Amino acid sequence: MWVMIALRHGPREVARLFDEVRSLDGPIGHGTLFAAVARLERLSLVERNDAGGGGGAYRLTQLGRTAAGSVAAIGAEGME
Amino acid sequence: MSRLMALYPRRWRDRYGEEFLALMADRPPALRDRVDIVRGAVDAHLDPQLHGPELVPDRAGFATLAGFGVLLAALTIAANGPLHFDEYGSYRDGGAAALPHALATCLLAFGIFRLFSRLPADALVARAAGWIAIVAGPLWSVMPWMAPVALPFFIGTIVFAIGAARARVISRWLAAAIAGLLILPVVAYAATFVVPWYVMRQSGPNFGVIIASLGGLYLLIGLRLLRGFARPIS
Numbered sequence: 125m126w127v128m129i130a131l132r133h134g135p136r137e138v139a140r141l142f143d144e145v146r147s148l149d150g151p152i153g154h155g156t157l158f159a160a161v162a163r164l165e166r167l168s169l170v171e172r173n174d175a176g177g178g179g180g181a182y183r184l185t186q187l188g189r190t191a192a193g194s195v196a197a198i199g200a201e202g203m204e
Numbered sequence: 058m059s060r061l062m063a064l065y066p067r068r069w070r071d072r073y074g075e076e077f078l079a080l081m082a083d084r085p086p087a088l089r090d091r092v093d094i095v096r097g098a099v100d101a102h103l104d105p106q107l108h109g110p111e112l113v114p115d116r117a118g119f120a121t122l123a124g125f126g127v128l129l130a131a132l133t134i135a136a137n138g139p140l141h142f143d144e145y146g147s148y149r150d151g152g153a154a155a156l157p158h159a160l161a162t163c164l165l166a167f168g169i170f171r172l173f174s175r176l177p178a179d180a181l182v183a184r185a186a187g188w189i190a191i192v193a194g195p196l197w198s199v200m201p202w203m204a205p206v207a208l209p210f211f212i213g214t215i216v217f218a219i220g221a222a223r224a225r226v227i228s229r230w231l232a233a234a235i236a237g238l239l240i241l242p243v244v245a246y247a248a249t250f251v252v253p254w255y256v257m258r259q260s261g262p263n264f265g266v267i268i269a270s271l272g273g274l275y276l277l278i279g280l281r282l283l284r285g286f287a288r289p290i291s
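Chains P and G are the protein sequences, given in the same order. Count along the first sequence from 1, add 124, and you get the number used in the working numbering. Count along the second sequence from 1, add 57, and you get the number used in the working numbering.
Rather than coming from a laboratory, the hints here were simulated on the basis of the structure. Check each hint, because a few of them may be wrong.
Non-contacting residues of chain P with respect to chain G, defined by C-beta distances greater than 12 Å in every case (computed) [claimed, not checked]:
#1 Trp126
#2 Gly134
#3 Leu148
#4 Gly153
#5 Val161
Covered by chain P, according to a simulated footprint, are these stretches of chain G (three or more residues, beta-carbon under 8 Å) [claimed, not checked]:
#6 72 to 83
#7 237 to 251
Quick partial rundown of chain P residues pointing at chain G, CB under 8 Å, derived from the structure [stated by the list, open to error]:
#8 Gly155
#9 Thr190
#10 Ala191
All of these numbers come straight from a predicted model, not from anything done at the bench. Just so you know, even glycine gets a beta-carbon here, dropped at the ideal spot from N, CA and C.
Isolated chain G (complex conformation):
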């Protein structure tokens, strides 16, 4: 029974779940009714049907999405930086991208801050992790090779996302997506403690993983903010 109801969106279950289960207990569904329930769940996902609170978009999402554009610009600059050679091989000097990268990361941190500001006061772990991410992110952006700064940023963001989902500021799916995106950069940066830095520097896939993950983070947070939040009851 409850497995069928699990097909419905969470907000729908919060609103109708109890009486839906009671009806299924009182009037056990036949096979044809079960098909109807599945159809109803699809319908509820396509059209939430709820007379729920009005969602007010947070326009800070535009800033975070703009940050994604700035990040792409920074990448383009870094990828076309002057080529240098040293005893470990060759590398592109991405110094010129530092400023746009810092700007992009600040816009991302601003998006995280906007989510952070919706956390309840008692979400202490999420709030602490959020602060760490918000501070470590811009620091990391100007020294992206520094794992001791990168790891607090990425891990802080993961813990913040999980805490925000527990506080129902974001969905569990979004938290899982953020954690999934950032777990690979965490592994890549953690690897720098055991793998020589010049090996990591030559590793294009590592760089690509980090950039793709970061890009996804900008998009997820920006779109979540623009989707909106229930208007607070005044």
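Isolated chain P, as found in the complex:
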């Protein structure tokens, strides 16, 4: 979930995604991050964008944006 929240603000290359998820969810490990990314990719919620060259970045798919929006909305309701 935190991976999707982090990607709501746009594509992230892995190191930056790692830092942002850690800032949201505490000190998650490298293995946990990749397991989450792989599962989100399998669910077509996240995709890798290799078009720009370099290491590539991860971004939300259309389905992922919808799901992340719902998660954020539920989170906001919970805060009220």
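Please build the complex by placing chain G on the supplied structure of chain P, with the hints as guidance.
Frame of chain P; chain G shown alone:
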């Protein structure tokens, strides 16, 4: 670093390996992160997580597994054949098992052929070895005492398996398992060139090794075919 990544399945490494190493270089893992990486590797083996190509089972695997059943039937027939005595001792006449054994070996050869058909055109050594195995196998099945036929079958299958792994048709582990299974029959048959045949005939363990190895070969190839292959891109 790379030793930690080696814990992950090959398909996983192919997909994420480069950026995983880059992340470890950018954000060196602490001890606790290393434990997390090991945990992630176990997780990746249990659940491959990959959005990979759909695997389509090759139902020819059922034929190869059925061949294993026929092989067991042939063994039962051979083990209960009439007892004969000659100047070298006694032996069971397994002639009645020849037909089921030939059928079983043809089903095995069919399984090998199905793997063979997935080899790329430039895998020349693997293709040549595959043909040798496919032809020599059924020949060997009707004259199982003939080392000059048995050895091309077993060695051909080993070389074919190694070539198929290099061509990524099967995994290196499967190729190693096939080679490991067949190395003992190769030694046993090669020994017939130096040990008198009637000594080999009396040697139950040799026979058992060959049968156990063959049974394993049926199972490995049959299950590999049923596990499936990526659907070709059309």
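Hint check:
| no. | hint | verdict |
| --- | --- | --- |
| 1 | Trp126 | holds (15 Å) |
| 2 | Gly134 | holds (18 Å) |
| 3 | Leu148 | holds (16 Å) |
| 4 | Gly153 | violated (2 Å) |
| 5 | Val161 | violated (8 Å) |
| 6 | 72 to 83 | holds (count 9) |
| 7 | 237 to 251 | violated (count 0) |
| 8 | Gly155 | holds (2 Å) |
| 9 | Thr190 | violated (18 Å) |
| 10 | Ala191 | violated (16 Å) |
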